[in-house]
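> The primary structure of each chain is shown beneath.
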Amino acid sequence: MRIATTAATRGTLWKQVALVCAIILCLPLHVARSQSSSRQAIAIVVNPKSTVTDISFTELRRIFLGEQQFWPDRSKITLLVRAPVAHEREVVLDEIYRMDEDQFRQYWIGKMFRAEVAGGPKIVYSSDMAINLVGVIPGSITFVLASEATPNARVLRIDGKLPSDPGYPLK
Amino acid sequence: MRAVVTAGLGALIVISGGAARAQDAAPTQPVVHAMLFGDASYLVTDRKIPAGFQLGQVVGHLIVSFTDRLNYFGEFTATAQPTGYAFEVERSILRYDFDDAFKISVGRYHTPIGYWNTAFHHGTWLQTTVSRPEMIKFGSQLIPTHFVGAFAEGNIGLQDLGLQYMLGVGNGRGSTISRAGDAGDVNGSRALAASLSARPVALFGMKMGIGYYRDRISAASGVTADEGISSAYVAWQREQPEFIAEYVHLAHSPAAGGSTTGSDAYYAQLAYRLNGSARAWKPYVRAERTTVSPTDVIFAPLNLGYEGGIGGVRYDFTSFAALKAEYRRERFQTDNWSNGAYVQASFTVPDLGGGGDHSEAQP
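Residue numbers (my numbering), protein chains in the order written: chain A, 1 to 171; chain B, 172 to 534.
Excised from the complex, chain B in its bound form (with noise of 0.2 Å):
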């Protein structure tokens, strides 16, 4: 009987023995990528700022696979101040993908408002030109780029129009209306974003899309407002012709009574690879407008009021670095008309583990 129990025992030890060899040999270490963006710019205007060498924002991105469904996206900039320099965590997002119909993810996100704030945002190397547009500049009071809260997203069927959609919850604006609520809701109403993009087939390349934000503002100057956004936006994404459009309305209800205000905003951008020998430049041109509403409760003490044009071109001197040099014409609502140049070099660093864009395939 002792030896019946010793060799069950035996087996068992080899059995569980096994058993541990092979939830080892599971791919159980998360896989790591780490990029990094980084830009420096030389300015010259006839505008009132400081001009000449600019560092740009220095920016890590850190994705995380813990499994082949749960991953970690992160991405923190170093942005030079006066003073010093300010270091902000941008995106911070935890999901969970089902399928690809249903992704669920928490977290710090880019509000999925128009184009240019999801494609390009805090990669400067990404987008053609020097600067993004003014309506979501960096630190736009216009628009909120950034949203703390959940996501569920995923594609729609109808593979031939390749659609995709995003819903949202979250914090909303903060009391300093371009910040994202990061430490919480400042006055309990939830803000809700919705989105929906196409990808047809047919037109390789083109995606369009629209969106809808509604939110509670309460901004420290102690008005409360309900705010509205509406957008829409079409991206031609190939570099022959390379064309982008957006287009936002932003609506206001004072929480005090009194009549919906309405704000617009809007750009165009065209560019377009050369071919041959010179494909290695890409020209550009891009023209945008914000027009505030001067009874707008929250945004006419603000001056945001926009109107410009640029012109430029880009060269890539290698595959992850570029040069560009772009002049500008512009007038802010409360400033004549002004003019400035812009050189910037940028780049990226694919992946900081070395293996470049991709990784070598392991068994």
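Bound conformation, chain A alone (with noise of 0.2 Å):
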């Protein structure tokens, strides 16, 4: 009787010894995977019919703060942006918007207020949604991260720079 409990504690012991290993193992799979993400290029899509190839950060920056609603040719510019707490949304609202949520949502609703805008952007919940979105409403534009754009949309180059480019500005 006592060999047997002694087992089947040893047992449980092995158990609870193995899960945490597998724990340990796969922490740092799992830190790699979220430092990669925290590193990774946020890419800017456009339709892919869109002429537009290479924009400078001035001119992005003055598209999503909604000050450019027009494209050159005078196609209306359609902002799709990712709910929050995607990973992309708080790189955009750090490089470009430079503000916190609140703040984010305080502009758009000063913007509407002020009658600059008929609108705030358009949300989207993934990347899928954001490319297959893209790709259907002319003069729309939208971020993704860099690996998962698609040739469903065409990434734009900042300041001539592409997302795998050195010096890129939205890593």
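No lab work stands behind these hints: they were computed from the structure.
For clarity, every value in this text was computed on a predicted model and none was experimentally measured.
Cβ atoms here follow ideal geometry from the backbone N, Cα and C, with glycine treated the same way.
Among the clues, some could well be false.
Unchecked claim - SDA-like, lysine to any residue: derived pairs with alpha carbons at most 25 Å apart: (1) B:378 <-> B:412; (2) A:161 <-> B:371; (3) A:76 <-> B:265; (4) A:111 <-> B:393; (5) B:378 <-> A:93; (6) A:122 <-> B:308; (7) B:308 <-> A:114; (8) B:378 <-> A:56; (9) A:111 <-> B:502; (10) A:49 <-> B:239; (11) B:378 <-> A:98; (12) A:122 <-> B:207; (13) A:171 <-> B:274; (14) A:76 <-> B:200; (15) A:122 <-> B:271; (16) A:171 <-> B:365; (17) A:161 <-> B:374; (18) B:274 <-> A:71; (19) A:111 <-> B:248; (20) A:122 <-> B:359; (21) B:378 <-> A:49; (22) A:111 <-> B:297; (23) A:111 <-> B:270; (24) A:76 <-> B:267; (25) A:76 <-> B:201; (26) A:111 <-> B:202.
Said to hold, decoys possible - Covered stretches of chain A (chain B as the covering partner; in silico rule of three or more C-beta atoms under 8 Å from a C-beta of chain B): (27) 50 to 63; (28) 67 to 77; (29) 92 to 105; (30) 108 to 114.
Unchecked claim - Partner residues aside, some chain B positions facing chain A, computed with beta carbon under 10 Å: (31) 206; (32) 236; (33) 441; (34) 499.
Hints are included, so try docking the two chains, each in its own frame, into the full complex.
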């Protein structure tokens, strides 16, 4: 009876040790994945029929701030923005808007209040949704992780740099 | 032959049906956004004015996109009065956007004089403080806060400077000078408004501008004068710190002859959003002054002189509602210095359609 109890206890112990080891072994992978995610560049993508291939960071900021609402060919810009908590959104709010979530909301409410825009950005909930919509909405622009960009959307150069280039501003 | 005609008609029906379906697929339904602003205050003061609880303006916004270039902006208010509520069409603007450089509109506007009048006006929740500066207070006689007419506006090249212009022609003040000439120009002399603003890229968050307004006033008192209003402002819109300063010079030349007089109004406001766990708090101060020429044929009888200072704190307890507490010390032209304290709750409902300040994307 004593031996049986010990064996059962030992079996449970081994299971726990195995579980802890598995967690420890997986942790670096998870951290590595998180770090690689936080290091990934954000690609600015537009409708593939767009004639725009390169954009300055100043122009990009003016588009995302709603200060520029038309492309050079006079077609209307439709801004697609990821819903909150997406990593890509955090990068864009930090680097382009320089705002936190509350400031971002207040900014667009103020723009609508002043009749500067007729509506805020359109919300998308995943990279797939962003790329699918940017592929079918003429004049649309959005952002995704560079690794998730597909041929359905055209990746813009920013100040002549692609996401893989050194000095790309949205990393 | 009959078969050919029948086939042709059939093909025509199929083609026209397809064309009709294609037209139906186009975004023919207007897109509507609606917003609501509101506030309620409690006032304690040693001025001889009604104190206690005060319901501020309830403000409704309606924004309709008929197409991606044709939009309607409406703003409607209900304001508590001693005998009930006064309903007002504050703004009603139909605008066509040709591109960023040229947008043309017609309707009733907030006159582009200075910063506050167009940036906050009826949006109490948007402004840091409890109330507007005295120079653009509710029912202001000093500045024509509303404008009925038409505007052309847009961006001007030079992206690094972020230049924008507005050029407008309208009815100008009504015979009650605090009101715009909603039902027509009272004297057949159109008002002109022009403004130029800049948002320099190198100073992200900064907005500055100048403006000029010209009109002939025919006041209910029977006095007629030419009015010229020059304005300038600078606003640092980031919250750490937030800084707004405006200056307005108002000149009146009596039509019956006589010298031109000048009146001045200005204010400066400083606020700072605290850091970390205190981020919901934003203390602020403001100083302001209005000096009216004693010989001004329009303003002098109205006793519009004012000086005062306020200090307070704003607490944003959610993303869409704020509580503000404010102390003010002020002196109106015909009064002694007075002290007052306000507590105000203000809020916005950013989209009554339930989509927040944005809407879900649709292909």
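> All hints, please: hold or fail.
Now the hints, each set against the structure:
1. The suggested pairing of residue 378 of chain B with residue 412 of chain B holds, with an alpha-carbon distance near 14 Å, which does not exceed 25 Å.
2. Of the pairs offered as hints, the one joining residue 161 of chain A and residue 371 of chain B holds, with about 24 Å between alpha carbons and a cut-off of 25 Å not exceeded.
3. About 18 Å separates the Cα atoms of residue 76 of chain A and residue 265 of chain B, which keeps this hinted pair within 25 Å; it holds.
4. This hinted pair does not check out: residue 111 of chain A and residue 393 of chain B have alpha carbons roughly 40 Å apart, beyond 25 Å.
5. Only pairs whose Cα atoms come within 25 Å are accepted, and residue 378 of chain B paired with residue 93 of chain A is accepted, the gap being roughly 20 Å.
6. Taking the CA atoms of residue 122 of chain A and residue 308 of chain B, the gap is near 35 Å; set against the 25 Å cutoff, the hint is violated.
7. Our distance criterion of 25 Å between C-alpha atoms is met by residue 308 of chain B and residue 114 of chain A, whose separation comes to about 18 Å.
8. A threshold of 25 Å between alpha carbons decides the hint, and for residue 378 of chain B with residue 56 of chain A the separation of about 21 Å falls inside it, so the pair holds.
9. About 35 Å separates the Cα atoms of residue 111 of chain A and residue 502 of chain B, which puts this hinted pair outside 25 Å; it is violated.
10. The straight-line distance between the Cα atoms of residue 49 of chain A and residue 239 of chain B is roughly 18 Å, inside the 25 Å bound, and the hint therefore holds.
11. A distance of roughly 16 Å separates the Cα atoms of residue 378 of chain B and residue 98 of chain A; the hinted pair therefore holds under the 25 Å criterion.
12. Between residue 122 of chain A and residue 207 of chain B the alpha-carbon distance is near 20 Å, which keeps this suggested pair within the 25 Å criterion.
13. Taken as a hint, the residue 171 of chain A and residue 274 of chain B pair is broken in the structure, with Cα atoms around 36 Å apart against an allowance of 25 Å.
14. Of the supplied pair hints, the one linking residue 76 of chain A and residue 200 of chain B holds, its CA atoms being roughly 17 Å apart against a limit of 25 Å.
15. The hinted pair formed by residue 122 of chain A and residue 271 of chain B meets the criterion: a straight-line CA distance of about 20 Å does not exceed 25 Å.
16. Using a Cα cut-off of 25 Å, the hinted pair residue 171 of chain A and residue 365 of chain B is violated, with the two alpha carbons roughly 42 Å apart.
17. Using a Cα cut-off of 25 Å, the hinted pair residue 161 of chain A and residue 374 of chain B holds, with the two alpha carbons roughly 24 Å apart.
18. Distance restraint check for residue 274 of chain B and residue 71 of chain A: the Cα-Cα separation of roughly 15 Å lies within the 25 Å cut-off, and the hinted pair is therefore satisfied.
19. The suggested pairing of residue 111 of chain A with residue 248 of chain B holds, with an alpha-carbon distance near 19 Å, which does not exceed 25 Å.
20. As the CA atoms of residue 122 of chain A and residue 359 of chain B are separated by approximately 45 Å, the hinted pair breaks the 25 Å bound.
21. With a C-alpha separation of about 35 Å, the suggested pair residue 378 of chain B and residue 49 of chain A falls outside the 25 Å cut-off, and the hint is violated.
22. Taken as a hint, the residue 111 of chain A and residue 297 of chain B pair is honoured in the structure, with Cα atoms around 11 Å apart against an allowance of 25 Å.
23. Only pairs whose Cα atoms come within 25 Å are accepted, and residue 111 of chain A paired with residue 270 of chain B is accepted, the gap being roughly 17 Å.
24. For the given pair, residue 76 of chain A sits about 12 Å from residue 267 of chain B by alpha-carbon distance, which is consistent with the 25 Å threshold.
25. In summary, the hint linking residue 76 of chain A to residue 201 of chain B is supported, as the alpha carbons are separated by about 16 Å, within the 25 Å threshold.
26. Of the pairs offered as hints, the one joining residue 111 of chain A and residue 202 of chain B holds, with about 17 Å between alpha carbons and a cut-off of 25 Å not exceeded.
27. Residues of the segment 50 to 63 of chain A lying with their CB closer than 8 Å to a CB of chain B number 5, which satisfies the three-residue condition for coverage.
28. A count of 6 residues in the segment 67 to 77 of chain A with a Cβ less than 8 Å from any Cβ of chain B is obtained; the coverage claim is therefore met, three being the minimum.
29. Counting residues of the segment 92 to 105 of chain A whose CB falls under 8 Å from any CB of chain B gives 5; the rule of at least 3 is met.
30. Evaluation of the coverage hint for the segment 108 to 114 of chain A: fulfilled, as 6 residues show C-beta separations to chain B shorter than 8 Å, against a requirement of three.
31. With its C-beta approaching chain A no nearer than about 7 Å, residue 206 of chain B sits inside the 10 Å limit, and its interface hint holds.
32. Look at residue 236 of chain B: its Cβ gets to within about 5 Å of chain A, closer than 10 Å, so that hint holds up.
33. Interface restraint check for residue 441 of chain B: the shortest CB-CB distance to chain A comes to about 18 Å, outside 10 Å, so the restraint is violated.
34. Contact between residue 499 of chain B and chain A, as hinted, is not supported at the beta carbon level, the nearest pair being about 25 Å apart and thus beyond 10 Å.
Taken one by one, the earlier hints fail for this structure at numbers 4, 6, 9, 13, 16, 20, 21, 33, 34, listed in ascending order.
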